[in-house]
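Q: Protein chains in written order, with my numbering: chain G, 1 to 304; chain H, 1001 to 1247.
Don't read these hints as lab results, they were simulated from the structure.
Take these hints with a grain of salt, some might be off.
[Unchecked claim] Calculated from the model, a selection of chain G residues having no Cβ within reach of chain H, i.e. all distances over 12 Å:
id, residue
1, Ser26
2, Gly59
3, Glu96
4, Gly163
5, Thr178
6, Glu217
7, Gly222
[What the hints assert, rightly or not] Straight-line C-alpha distance at most 27 Å; calculated DSSO-like pairs for lysine-lysine:
id, chain 1, residue 1, chain 2, residue 2
8, H, Lys1215, G, Lys298
9, H, Lys1226, H, Lys1175
10, G, Lys13, H, Lys1143
[To be verified] Short, incomplete list of chain G residues facing chain H, as computed with Cβ under 10 Å:
id, residue
11, Gly40
12, Leu134
13, His150
14, Lys153
15, Thr162
16, Tyr236
17, Pro237
18, Val248
19, Tyr252
20, Phe254
The beta carbon of each residue, even a glycine, is placed where N, CA and C say it ideally should be.
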Amino acid sequence: MNNAIDIRGITKKYGSLTALDNVTFSVPEGMMLGLIGPDGAGKTTLYRILTTLLSPDAGTATVAGLDTVKDYKGIRAEIGYMPERFSLYQDLTVNENLHFFASLFGVKVEDNYDLIAPIFHQLSKFPNRRAGALSGGMKQKLALGCALIHRPKVLLLDEPTTGVDAVSRSEFWDMLATLKEKGITILVSTSYMDEAQRCERIALIDKGRILDVNTPEKLVEGLGEHIYNVSAEKMYPLLEALRSLPEVKNCYTFGATLHIATESGFHPADAIRRLSDMGLTDVKIYPANGDIEDLFIKLAGNGE
Amino acid sequence: MENDITISVKGLTKRFGNFTAVDNISFEVRKGEIFGFLGANGAGKTTAMRMLCGLSYPTSGSGTVAGYDITRQAEEIKRHIGYMSQRFSLYEELTVKENLTLFSTIYGMTSNAIKAKTENVFRILGMENMKDAPVKDIPVGWKQKLAFSAATMHNPEVVFLDEPTGGVDPVTRRKFWEMIYRASSEGMTIFVTTHYLDEAEYCNRISIMVDGRIKALDSPERLKEKYGVKTMDEAFRIVARDARRGE
Chain G
1 MNNAIDIRGI TKKYGSLTAL DNVTFSVPEG MMLGLIGPDG AGKTTLYRIL
51 TTLLSPDAGT ATVAGLDTVK DYKGIRAEIG YMPERFSLYQ DLTVNENLHF
101 FASLFGVKVE DNYDLIAPIF HQLSKFPNRR AGALSGGMKQ KLALGCALIH
151 RPKVLLLDEP TTGVDAVSRS EFWDMLATLK EKGITILVST SYMDEAQRCE
201 RIALIDKGRI LDVNTPEKLV EGLGEHIYNV SAEKMYPLLE ALRSLPEVKN
251 CYTFGATLHI ATESGFHPAD AIRRLSDMGL TDVKIYPANG DIEDLFIKLA
301 GNGE
Chain H
1001 MENDITISVK GLTKRFGNFT AVDNISFEVR KGEIFGFLGA NGAGKTTAMR
1051 MLCGLSYPTS GSGTVAGYDI TRQAEEIKRH IGYMSQRFSL YEELTVKENL
1101 TLFSTIYGMT SNAIKAKTEN VFRILGMENM KDAPVKDIPV GWKQKLAFSA
1151 ATMHNPEVVF LDEPTGGVDP VTRRKFWEMI YRASSEGMTI FVTTHYLDEA
1201 EYCNRISIMV DGRIKALDSP ERLKEKYGVK TMDEAFRIVA RDARRGE
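Just chain G, same shape as in the assembly (with noise of 0.2 Å):
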């Protein structure tokens, strides 16, 4: 199988600060990859270069078969970027927005139509609204689908959904997977794990490097920790009690519960007892299923 992305050895530097440090992965046509890495991990500059709208210091990369360097200009027609930032033009409605793009690739609004067809009859409701003036949701839903106007190979989207609320989120990610059936290849960067877990594969970033590429399943079964939830009566107090037990590696919020990663030797009825002595009250430990976040947070963890 051909590759839609091609990475070799990316290096980029900003003055002393490496961004990227010999990056190399390569994403499959018509997969979707999710980029996953904390802030300043270099995700964004690697949109840039993949993009072509940075050169790297060293190595080469390859979208759609053509060079992010030697054929700019050609890269430019294959893909469609949804930068971090709202990138539509504010003071113009949802229809001129759209025409715009089409024009600028030359295309037809109606020439790809069955591309944008679930996005366009969501935004039909109102099509003479600025694009300023529209939901955060609505917002996103509109820029991919000026994304996707001249039907790109590869969709390269940096995280697409913040400040969308959950329904939109996942109606967003509906509509991925149904370019994704249609053929397109997507490399998605997100700070959602629950949006991680869509992909078929993630690229791990940190420290503009490459710490693993795998699907999210092989990806948590490396994490090779004791996992459990912890609750109580009073839960900031617990937070610190937790902290200060030496065989806590880590103690982090998680949803309604605390999750520690604990050494091999932890012994939950032990340290429900020590918990106590310190003045805790309703303490219930049990085991966890680490997920893609567990395996965030101690990779990040790591890093500092």
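Based on the hints, put chain H in the right spot on chain G.
A: Coordinates of chain H only, in the frame set by chain G:
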């Protein structure tokens, strides 16, 4: 008992022309409570929050925040609350210290009080070494902690947080929430909006707005029980799925 209530609104409504952005909402928030104010995009959260902060006059209904009437004492309310938004909180070109001084001065604090409070903030956050750095040069996690500190320099009774953690990675979000926990355990009332539903679980109670109305209001535990689901994410979807506006 009356003194334990920091926010109280009854029948709060805001219309823009023939569009009812906020439709007859009523609720109370206790002192020291972390109150999650959830809703789909366009549900009316921001409009409601603006009325609570004294920035928008209600079409009808009444309410008090920190003991002041939202229709008649808007200026008093502004002095007794803190406000932080993800979109704007700090002046990027000013240094860390200058930002704190600016916000404190706006809130009318004395220079002695500002000096003591600023030093205290640097000590608690461990930011001494970056106090002279322009805010644009510090990492996003620090910016957030700083923005929260700037919004609470004057020890407000209640702080309004409008999507304080949008677009921030899971580790940085958690560090921010630990600040919220601490402030709440010291008696500050927290009124917070978020799209991260795992964060909703950290709230004492949650309201979910749909099309201008409050469709659900209870503790996360009881809401999950009521809708027979395991996570707030599922509960939110059930409550919000009938939204008509969704604009």
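Q: For every hint, state whether the structure bears it out.
A: Against the structure, the hints come out as follows:
| no. | hint | verdict |
| --- | --- | --- |
| 1 | Ser26 | 24 Å, holds |
| 2 | Gly59 | 25 Å, holds |
| 3 | Glu96 | 17 Å, holds |
| 4 | Gly163 | 5 Å, violated |
| 5 | Thr178 | 19 Å, holds |
| 6 | Glu217 | 19 Å, holds |
| 7 | Gly222 | 18 Å, holds |
| 8 | H:Lys1215 with G:Lys298 | 37 Å, violated |
| 9 | H:Lys1226 with H:Lys1175 | 30 Å, violated |
| 10 | G:Lys13 with H:Lys1143 | 23 Å, holds |
| 11 | Gly40 | 6 Å, holds |
| 12 | Leu134 | 7 Å, holds |
| 13 | His150 | 27 Å, violated |
| 14 | Lys153 | 27 Å, violated |
| 15 | Thr162 | 4 Å, holds |
| 16 | Tyr236 | 4 Å, holds |
| 17 | Pro237 | 8 Å, holds |
| 18 | Val248 | 15 Å, violated |
| 19 | Tyr252 | 5 Å, holds |
| 20 | Phe254 | 7 Å, holds |
When held up to the earlier numbered hints, the structure conflicts with 4, 8, 9, 13, 14 and 18 and fits the remainder.
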